[in-house]
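Chemist: So the sequence lines, in the order shown, correspond to chains L and G. All letters in the first sequence, in the order written, are residues 32 to 366 by the numbering used here. All letters in the second sequence, in the order written, are residues 32 to 366 by the numbering used here.
Fair warning: there could be bad hints in the mix.
Chain copies aren't distinguished; within one or between two, either way the pair holds.
To be verified - Below, in silico cross-link-like pairs of lysine-lysine (DSS-like), each with a Cα-Cα straight-line distance of 27 Å or less: (1) 201 <-> 71; (2) 347 <-> 131; (3) 131 <-> 190; (4) 70 <-> 347; (5) 133 <-> 335; (6) 201 <-> 74; (7) 335 <-> 166; (8) 273 <-> 347; (9) 166 <-> 357; (10) 273 <-> 133.
Because the hints were derived from the structure by calculation, they are not lab data.
Number of protein chains: 2
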Amino acid sequence: MKSVLGYTAHQFGRALIMPNTAPPITKVGQASTYRRQIKKALKDIGFSKTFEPLMTLYLTDKTTVAEIEKAAKSGFVKAVKYYPPNATTNSQNGATDLQKLKPVFEKMQELGLVLCLHGETIKSNIFGDSTRQGKVGVMQREKVFLAEKLTWLVSGFPKLKIVLEHITTKEAVYFVKNARKGVAATITAHHLLATIDDVIESHHNKCMPILKEEADRQALLDAATSGNKRFFAGTDSAPHSKTKKETACGCAGCFTAPLAIELYAEAFDERDAWDKLEGFMSLYGADFYGLSRNKSTVTITRQKTVIPQSVTYGEKELVVLFWAEKELSFLATFD
Amino acid sequence: MKSVLGYTAHQFGRALIMPNTAPPITKVGQASTYRRQIKKALKDIGFSKTFEPLMTLYLTDKTTVAEIEKAAKSGFVKAVKYYPPNATTNSQNGATDLQKLKPVFEKMQELGLVLCLHGETIKSNIFGDSTRQGKVGVMQREKVFLAEKLTWLVSGFPKLKIVLEHITTKEAVYFVKNARKGVAATITAHHLLATIDDVIESHHNKCMPILKEEADRQALLDAATSGNKRFFAGTDSAPHSKTKKETACGCAGCFTAPLAIELYAEAFDERDAWDKLEGFMSLYGADFYGLSRNKSTVTITRQKTVIPQSVTYGEKELVVLFWAEKELSFLATFD
Chain L
32 MKSVLGYTAH
42 QFGRALIMPN
52 TAPPITKVGQ
62 ASTYRRQIKK
72 ALKDIGFSKT
82 FEPLMTLYLT
92 DKTTVAEIEK
102 AAKSGFVKAV
112 KYYPPNATTN
122 SQNGATDLQK
132 LKPVFEKMQE
142 LGLVLCLHGE
152 TIKSNIFGDS
162 TRQGKVGVMQ
172 REKVFLAEKL
182 TWLVSGFPKL
192 KIVLEHITTK
202 EAVYFVKNAR
212 KGVAATITAH
222 HLLATIDDVI
232 ESHHNKCMPI
242 LKEEADRQAL
252 LDAATSGNKR
262 FFAGTDSAPH
272 SKTKKETACG
282 CAGCFTAPLA
292 IELYAEAFDE
302 RDAWDKLEGF
312 MSLYGADFYG
322 LSRNKSTVTI
332 TRQKTVIPQS
342 VTYGEKELVV
352 LFWAEKELSF
362 LATFD
Chain G
32 MKSVLGYTAH
42 QFGRALIMPN
52 TAPPITKVGQ
62 ASTYRRQIKK
72 ALKDIGFSKT
82 FEPLMTLYLT
92 DKTTVAEIEK
102 AAKSGFVKAV
112 KYYPPNATTN
122 SQNGATDLQK
132 LKPVFEKMQE
142 LGLVLCLHGE
152 TIKSNIFGDS
162 TRQGKVGVMQ
172 REKVFLAEKL
182 TWLVSGFPKL
192 KIVLEHITTK
202 EAVYFVKNAR
212 KGVAATITAH
222 HLLATIDDVI
232 ESHHNKCMPI
242 LKEEADRQAL
252 LDAATSGNKR
262 FFAGTDSAPH
272 SKTKKETACG
282 CAGCFTAPLA
292 IELYAEAFDE
302 RDAWDKLEGF
312 MSLYGADFYG
322 LSRNKSTVTI
332 TRQKTVIPQS
342 VTYGEKELVV
352 LFWAEKELSF
362 LATFD
């Protein structure tokens, strides 16, 4: 944590802390401990600026209404995160039957707790063409999720605040753009910048949901630079050690935290959409979560910046950065 | 060569030897030397059965009509292979302008030399939606090739024998099925068995053209098991060392030679298409190339066979097999 947390805290005043740790953060008590650990780690590395970790709970089949009430009361738990089982890193505890969690969603809706979604369906038998032995293909998982689960959540809980995280397809853009009020989506820097081609070229670009095709990337750029408040930044930055990435398999996750703002700037520059960057990066997300807007200033200047190859990770490991050694056109400075 | 050639020679009576070596085989003289080396290597490893290497020439911008005449006269050069520049291993010398090679294609057509195609377009500006900075996305390259190059070749040289090699998409199946006489396609075992999901899971499944989606795999199975003589086996087996595969990038190629027939059997078994296997494996390809059919017999029995993890490669290296350690349901024996 001490190796990588500083990068996020340096670039952002706060971050939504994902609960897919090992073991997962399923209780408010665990979230509280994790939050303290984060604050202590920042102190230990001598970080002095304000950084607010916004905590989340991991939705499992055992999540209770009582825990939701406790979460809402805590003040520091801002969202509950759904992972489809076996979709991504440490997702094996994800809820298997959303229907049974109806009372949980109703309580979240009542108390204004946000439902964050890893929006993929891994197992399904209702879309034969994209499915093999009940397992949905990586390129189709988000699309199947929209039809199979998201429609039900959006209409079944009409006031539930829902964030479809790290969207990847033109279909997801279309869905969110046309959904009811209270439905939003985050977009990562790497999904704005790269495609499945980059995954084929390097495991360091492998993440879940997988990067899609150029037509999808263009739709994500359309959404991000549109000024539509339903779309805002969410890095999904995930540090995995070099040795765990550089294998035949390579685990899923892109590490973008050290230059996240510069990466987003690079994407927005492709569309000359400078006037839309602040809203996407700093305002719409805070507004959606009902948080006060940060007061500090980030200044982005046009200046060549080479992405470092890697940063140290623990005592003996390295984490390779997304787009390592590429040259960016921007540098962000912070007051 | 001595490490891996025996696997192919054990399973097959002959094979089309690809010319994308370093340096490439562009002249009949080189093909003749390579052919002798292959025969010598088989002798050196004590291989006693008949194995006929069918040679190919690498099509470059410098390929001449005279070389085509020489190739046809040689008797052992059976085809000329087109690689789009930078599409796959050692493809950097591929012809850049097919229009300028018109006299070459006309001579091939006249003399009955087959044109084998790595059917992908890498650079193109005419399909904006699938293209980034002039580079076509990996999932779209075969589809773009059909429209941009193959239509021109098929109609421009109406008697030229064309094999679209290692096809991967439902669009390619449709094209070949409906094309004029003299147009055929090969299908690899790995494209019949795996999809882009398997590439994401392991670099050992990475090959070019990249494995596509489940709907494409189903279309390939349809074609292979249809009994249509335009579709026949072509393994595209490519040994790369474990160390070259298990990196962040991982070079392109699947090594299927040691159990190629068993892998094809596994695919045909999915459709219970046993009556179509012999034609696909042994007859249609020979007929298309105008070769006499092999007389030896291959017997496939239902017997659990675990694919070995790897085989030795040179003095210090290993090659990991496609689908290493998976259990197949068949074993092939040879008279």
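Chemist: Next, verify each hint and record whether it holds.
Modeler: Verification of the hints:
| no. | hint | in the structure |
| --- | --- | --- |
| 1 | 201 <-> 71 | neither (41 Å within a copy, 56 Å between copies) |
| 2 | 347 <-> 131 | neither (44 Å within a copy, 56 Å between copies) |
| 3 | 131 <-> 190 | within (19 Å within a copy, 65 Å between copies) |
| 4 | 70 <-> 347 | within (24 Å within a copy, 50 Å between copies) |
| 5 | 133 <-> 335 | neither (51 Å within a copy, 46 Å between copies) |
| 6 | 201 <-> 74 | neither (42 Å within a copy, 57 Å between copies) |
| 7 | 335 <-> 166 | between (44 Å within a copy, 24 Å between copies) |
| 8 | 273 <-> 347 | both (11 Å within a copy, 25 Å between copies) |
| 9 | 166 <-> 357 | between (36 Å within a copy, 18 Å between copies) |
| 10 | 273 <-> 133 | neither (41 Å within a copy, 49 Å between copies) |
Checked against the numbered hints listed earlier, the structure breaks hints 1, 2, 5, 6, 10; every other hint is satisfied.
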